[in-house]
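Please construct the entire structure, taking both the sequences and the accompanying hints into account.
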Amino acid sequence: MPLDRSTIRRIARLARIRLEESEAERLRQELDGILAWVEMLNSVDVSEVAPMTGAITIGLKMRPDIVTDGGDADLVLGNAPERVGDFYTVPKVVE
Amino acid sequence: MNLTDLGLGPARRALGRREFSARELTLAHLAAIEALNPRLNAFLLVTAEEALAAAEAADAALARGEGGPLAGIPLAIKDIFCTKGVRTTAASRILEPFVPPYESTVTANLRRDGAIFLGKTNLDEFAMGSSTTNSAYGSTENPWKRRQDPAARLVPGGSSGGSAAAVAARLAIGATGTDTGGSIRQPASFCGITGLKPTYGRCSRYGVIAFASSLDHPGPMARSVEDCAILLCSMAGHDSRDSTSVDVPVPDYAAACNKGIRGLRIGVPREYRVDGMPAEIEEMWRSGLAWLEDAGATVHDVSLPHTKYGLPTYYIVAPAEASSNLARYDGVRYGLRVPGEDLIDLYEETRGAGFGAEVKRRILIGTYVLSAGYYDAYYLKAQKIRALILRDFTDAFAEVDALLAPTAPSAAFAEGEKTEDPVTMYLNDVFTVPADLAGVPAISVPAGLDADGLPLGLQVIGRPFGEETMIAVAAQLERAASFTALPALRAGSPAI
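Residue numbers (this note's numbering), protein chains in the order written: chain G, 2 to 96; chain V, 3 to 498.
Certain hints may be false.
Claimed, not checked - Lysine-lysine pairs mimicking DSSO-like chemistry, simulated, CA-CA at most 30 Å apart:
#, chain 1, residue 1, chain 2, residue 2
1, G, Lys62, V, Lys420
2, V, Lys420, V, Lys310
3, V, Lys86, G, Lys62
4, V, Lys310, V, Lys386
FYI, nobody ran anything at the bench for these hints, they're computed from the structure.
Dropping the structure here:
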């Protein structure tokens with residue numbers, strides 16, 4: 002089923018990306034092409050296959066639950082676009 | 003003798019004998035960058051002062067006889083490795099103001115061993131691309147020229163195109179890259195250098211800006227197999243800060259160059275013979291197999307039956323992971339911020355302005371394939387086919403010790419070619435993507451020139467953690483190919 006414009010708008014909204022009108026139409030066509038191309042995967046029988054999440058099969062290592070770093074707000078906030086004291090700032094979200 | 007022509011092995015032997023200083027070697031490379039980088043745009047940032055300070059420290063250590071394995075060796079660092087106090091952008095507008103307060107493990111390991119960082123190299127934004135034209139800071143020019151059409155501006159491949167161009171043009175002795183779908187090997191092939199993607203988990207991803215976490219492989223790029231092996235010795239190793247880093251000893255990879263390949267079984271994956279592959283690439287592949295047979299290896303036909311599903315699988319899995327990883331760029335804690343009416347507006351404006359076209363494309367595909375109602379049909383299905391691709395390799399490696407195949411289906415193309423639709427560009431990675439999906443190591447070695455005089459690479463694919471055998475085979479290929487051609491644009495070349 003071809004992608005329609007409203008689906009692109011919905012996906013862009015989910016991804017929190019603002020799209021210009023012309024951009025949305027171009028992306029609709031490109032994504033449509035890519036999704037048509039990956040359709041070839043439907044010809045593979047995977048009924049007996051477990052999904053692979055990564056190339057590493059080792060389990061996660063345990064480590065002691067202790068603080069090893071931190072306590073440097075200035076370093077952490079050094080890249081903040083805007084801050085007040087030791088806080089990041091954003092537009093007001095509650096009235 | 004031009005100091006910029008030295009490989010890593012010869013340079014460190016000469017530094018050890020104090021034939022020249024680390025400072026002289028660094029200055030020679032900085033001068034080459036100054037002369038050529040305005041044209042090539044291989045480096046996004048040159049850190050000359052820091053490099054000279056590091057060279058001074060290396061000279062002092064060498065004078066005391068305490069220099070590390072890379073003491074005084076000038077390297078280029080792909081601008082996706084976080085370097086403490088040095089701007090790191092991933093070639094994205096969204097990270098334009100970002101100065102990491104920490105160092106990636108791989109670059110920390112290189113510094114520990116005495117390496118000198120000349121600067122940060124260009125890439126496709128967030129490593130998404132095969133041409134280095136998807137950079138927010140302009141494309142990188144391939145230093146090689148077509149014989150018949152020297153005016154054409156060729157791409158260096160990608161995404162590690164800045165690193166590949168810098169090493170090929172002798173602006174650095176070696177470089178770091180990352181390979182998610184071929185981003186070390188394909189640019190190495192396009193620029194006539196060697197690029198090594200180790201086994202997944204061999205080099206830590208800590209501090210490497212994430213694209214697709216289950217596929218991102220940091221690795222070395224240099225002008226010989228031995229040089230890549232030396233760099234890998236320093237870059238590799240267990241890191242508790244990367245949960246997928248594997249705790250196995252790091253062998254002496256450089257020693258593997260001289261192991262010989264007598265009795266090794268080399269597999270030829272028959273599915274890699276694709277329609278429309280240039281005859282000269284077929285020819286080079288046949289020569290490569292003959293060289294390995296001459297050195298005592300035996301050649302065997304093998305099948306990797308799910309090869310053709312590699313690319314579409316990759317273009318579901320990688321964007322899915324990318325859409326999740328790149329959610330962190332929201333304009334709040336670091337990077338670009340575009341003000342908005344409310345918080346959602348701030349996110350949307352920031353991400354709309356901060357990401358380039360290819361990154362948006364992949365985030366949207368990833369969001370789509372992970373969204374309610376589509377997850378099973380796309381993402382889960384792709385993860386299952388990924389398991390089949392790994393099984394192909396496991397089965398093949400029960401029969402053979404290593405595989406030999408072309409690295410890319412073509413030589414370097416010109417900027418503007420292959421841009422008509424995204425899928426055409428994605429097809430560049432047809433031979434490189436499977437090894438990333440399976441996590442097995444692979445190395446590209448320059449093995450010949452096409453009719454235009456452009457370099458072509460062959461890749462050796464090894465067993466998981468079979469880097470030593472893979473390196474032994476690659477070193478034999480290198481000896482037999484005796485690739486001595488040079489790019490038109492390089493330090494000290496008459497063309498500049």
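Results of checking the hints against the structure:
1. Annotation: proposed proximity of Lys62 of chain G to Lys420 of chain V is violated, straight-line Cα distance about 45 Å (limit 30 Å).
2. Between Lys420 of chain V and Lys310 of chain V, the direct Cα distance comes to roughly 20 Å. Compliance with the 30 Å bound is thereby established for this hinted pair.
3. Proposed proximity of Lys86 of chain V and Lys62 of chain G is supported: the alpha carbons are some 27 Å apart, at most 30 Å.
4. A hinted pair counts as satisfied when its Cα atoms are at most 30 Å apart, and Lys310 of chain V with Lys386 of chain V qualifies at roughly 15 Å.
Hint 1 from the earlier list is the only one contradicted by this structure; the remaining hints agree with it.
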